[in-house]
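Assemble chain X onto chain Y, guided by the hints.
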Amino acid sequence: MIRRPWRTTLVAVAASAALVLTGCTGTEGAQNSSAGSGMIDFLNYGDFGGGTTPKANYNPYLDATKLSAADYIYESLMYVETYSCKAIPWLATSYQWSDPKTLVYTIRNGVKWNDGQAFSAKDVEFTFNMLKKFDVLDTQGVWTFLSSVKADGDDKVTFSFKQPGASAFTQVSGVKIVPEHVWSKVADPTTFVNATAPVGTGPMKLKSFNPRQLVVERNPDYWQADKIKVNELRFNKADAGGQVEQLKLSRGEYDTNAMFVQDIKKAYVDRDPKHHHYWYAPGGVISVYMNLTKAPFDDVGFRKALTTAFDDKQVIDKAQLGYVTQASQSGLVVPGQKDWLPQGLADDGRIGYDAAAADKALTDAGYTKDSKGRRLGKDGKPISFSFKVPGSYVDWVAAADILIKNLQALGITVSKDTPTPDANNQDRATGNYDMTFGVFGGGCNMYANFADPLNSARTAPVGKKAASNEIRWQDPKTDELLHTLQVSPDEKAQKEAVAGLVDIMMNQVPTIPIWYGAKWFQYDTTKAEGWPSADDPYADGGNGQVVLTHLVPAGS
Amino acid sequence: MLYFLRRTGFFVATLWAAVTLNFLIPRLQPGDPAQALLARLQGNTQAVNPVQLAAIRKMLGTQDGNLLSQYWDYLGAVAHGQFGVSYSYYPYSVTAMIATALPWTLILVGVTQIASFAIGTLLGAWAAYRRNSRVDSVITLGSTFVGTLPFFWIGLLLIFVFAITLNWFPDGGGYGGGSSPSWSWLFFSDAFQHSVLPALALLITGPVGWIIGMRNNMVQTLGEDYARLARAKGLPRRRIALTYGARIAILPNVTGFAIALGGLLGGTVLVETIFNYPGLGRLLLEAVSNKDYPLMQALFLFTTIGVLIANFLADVTYGFLDPRVRRAEAT
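Taken in sequence, the protein lines are chains Y and X.
Each residue of the first sequence is one higher than the one before, starting from 1 at the first, in this note's numbering.
Each residue of the second sequence is one higher than the one before, starting from 1 at the first, in this note's numbering.
A few of these clues could be false.
To be verified - Taking lysine-lysine pairs in the DSBU-like style, the calculated list, with each CA pair at most 35 Å apart, reads:
#1 X:Lys58 x Y:Lys185
#2 X:Lys233 x Y:Lys294
#3 X:Lys233 x Y:Lys86
#4 X:Lys58 x Y:Lys55
#5 Y:Lys248 x Y:Lys132
#6 X:Lys233 x Y:Lys101
#7 Y:Lys266 x Y:Lys381
Hints in this document: simulated from the structure, not taken from any laboratory.
For reference, chain Y alone in the conformation it holds in the complex (with noise of 0.2 Å):
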């Protein structure tokens, strides 16, 4: 008797106190009651950077700290959109290379600062030249090219390269421009976190910040101010498991993340398969490094038999739960730069799995099989060698677990080490590997995504630490095609050397592309139409400002 009322009081209150103080949050915002006047009141966004303690930082050059909002708020001469890699004219309207060494940018007129001052060309020559005088701001190397940059009059600013300068095209093209007026009072823009109303050209300025939510709020006076049909983006801080994350995901409650989702379809499309949608555009090229300077994988007869020995399929639906697509053996992302490829290259370079075919292969190469089916060596002997793979990457490691299968298969005998990721760098880095993993290439700045794997002077001897040439390739015919990338403004010819490059890759098989890493990009239309898709891919997801100027009420 005495109990029941005990217990009946402790529910009330808690149920009282709930609500009460569900009544005064106050924090959680208005709801879309702005329809019908074409605009968008916000949406809501996934994470902001800045870890789980964020503090306010629009540095944009801080690439490793600063919060999202900074790439809302700056931008950058030319957007090189990272899906087909296309250079759309942004903050300069066009550009001409004058000779090899010599570009010349003109700059858009009309456009302001989001304090109310002219933007011109003396901005991008003071951002440049601050770049320069504080190198670790630098962090596209821009001035390993450059030797000078100079305002032309309001509207034209002049790049001299050292050598001809094509290859650092996207680099300079891409550095985002900070106002003159505002960064040359700054004594170290090293340390300067630009923690209040952050000055930019963009179409978004800061509205509000707290570790929890980041907000920034359409710019009116933005250049292109009609494109941009959404009011407020809201970031919102993500928590560090993730799973509290897929389920605010899945009932609607961000218009976009960019998350590794485990079953997307199950749980996100499908809770609502009219609205809820995503799209992973391809991004880094997974491959597999073979140290060089060991045997066989000197022997290209070795490697390129080794091209058919792999079940992709497999790969990309077993241990990538088929969120990828297979990499071309060319070493570019395709479909998006399929201009680049060669003509008449059978599959855009994508070779499938055949294992009788490797099989093949392997014995006309040399590689004869003994009695008890062991594959033998140039030197007589059984080949066996060690696959290493990060173990806490769960996912490279199931995809090693059927490379291997594949390779037990021919005969060869392969075992698995798994060791920290940081280990693994390590060791990938001083050549101390026989076949791991890799990733390379991916970007836009094709100079880089050849030059990055295949470069002689980014190696080193194993033991050393090698710049990013990590499977030791050294060859003139390489290095001479990489050259010609790296100094030709001409299109032509650099679509010639991308073909000799990829003849490289095809024929000589310096690594063995798997896979393409995803870029994670989920989409809700309930507010918001436009986002880029596989049908649409005029951006991939992480291109945020090309992707706000597409975006318009849904229904409209």
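The following block gives chain X in isolation, referenced to the frame of chain Y:
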């Protein structure tokens, strides 16, 4: 006196060892802070841009060179209370980051630890007092059962039931997206709401250890001769339980509590991660996973100092509370 001197000497030596290990351990592991930062930015499916990597490395000023001179610099900096700039929150200083996170942990975990201790000790004492009764078995079995449940599971269950399904409380964070830290009623009520679920999780699991410890201690003390004598004298049961049993039985729990408070940081990692709470535990987790050496070292150092001070204080208090300890050491 000798006892206290000895304790102080031990304290200083341990502190030095801790500082040194703190310096050495991160440096003996493979890995590159700049690379870890980039990985956080872009995941493992994109190629690393070597130029960008080099710029970040230069920005962070990651040290190369002589380990001994690095150690010397480090000792000097620590002595001056300088912990440098955090790598993962560049250009914010380590102390600024810790100052932001500290109040959250202190309040959430501090309050729940004290409450857990109080609840646990009381329940434990009650169970021992009503030994072998229904109350005792409910408390003992209940706490044993709760003790076997994984903490993260309890946390996720609470989130699922109270945040996701019933929508009574927020699903994580220290405060809502629309409010920001200020001395206002709105903010405090918001922060309070956000602290309910993590506090509940801690209060469900927190008392378990204290309950079991207290009950066992007290059952033992109640079985001692002096307790039996008290019973024989016909003293009231309640008085025996409180003055003869609980007072003695609580001693080991007090030491345990001091140590637990000192090691607060370690225990908060899980709860703060699950509930996305902006305190020191998450900061520590992030520092470790990003190889943010300066932040990591400062946090570890503070924890170590906390544990050492707590131990020291517990030792000293014990010396005062129980004269036998002092005497035993002196002879």
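Exercise. Take the C-alpha atoms of lysine 266 (chain Y) and lysine 381 (chain Y), compute the straight-line distance between them, and say whether it is at most 35 Å.
Key: violated (50 Å)
Quiz item: Straight-line Cα separation of lysine 58 (chain X) and lysine 55 (chain Y) no greater than 35 Å?
Solution: holds (22 Å)
Quiz item: Taken at face value, is the distance from the CA of lysine 86 (chain Y) to the CA of lysine 233 (chain X) at most 35 Å?
Solution: violated (96 Å)
Self-check item: Hint consistency between lysine 233 (chain X) and lysine 101 (chain Y) [alpha-carbon to alpha-carbon, up to 35 Å]
Solution: Roughly 105 Å separates the two Cα atoms, so the pair is violated.
Exercise. Given the hint that lysine 233 (chain X) pairs with lysine 294 (chain Y), test it: the Cα-Cα distance must not exceed 35 Å.
Key: Violated - the C-alpha atoms of lysine 294 (chain Y) and lysine 233 (chain X) are around 89 Å apart, more than 35 Å.
Quiz prompt | Pairwise hint evaluation, lysine 132 (chain Y) against lysine 248 (chain Y), where the allowed Cα distance is 35 Å at most | solution = violated (44 Å)
Quiz item: Regarding the pair lysine 58 (chain X) and lysine 185 (chain Y), is the alpha-carbon distance no greater than 35 Å?
Solution: holds (23 Å)
The structure does not agree with the numbered hints 2, 3, 5, 6, 7 stated previously, though it agrees with the rest.
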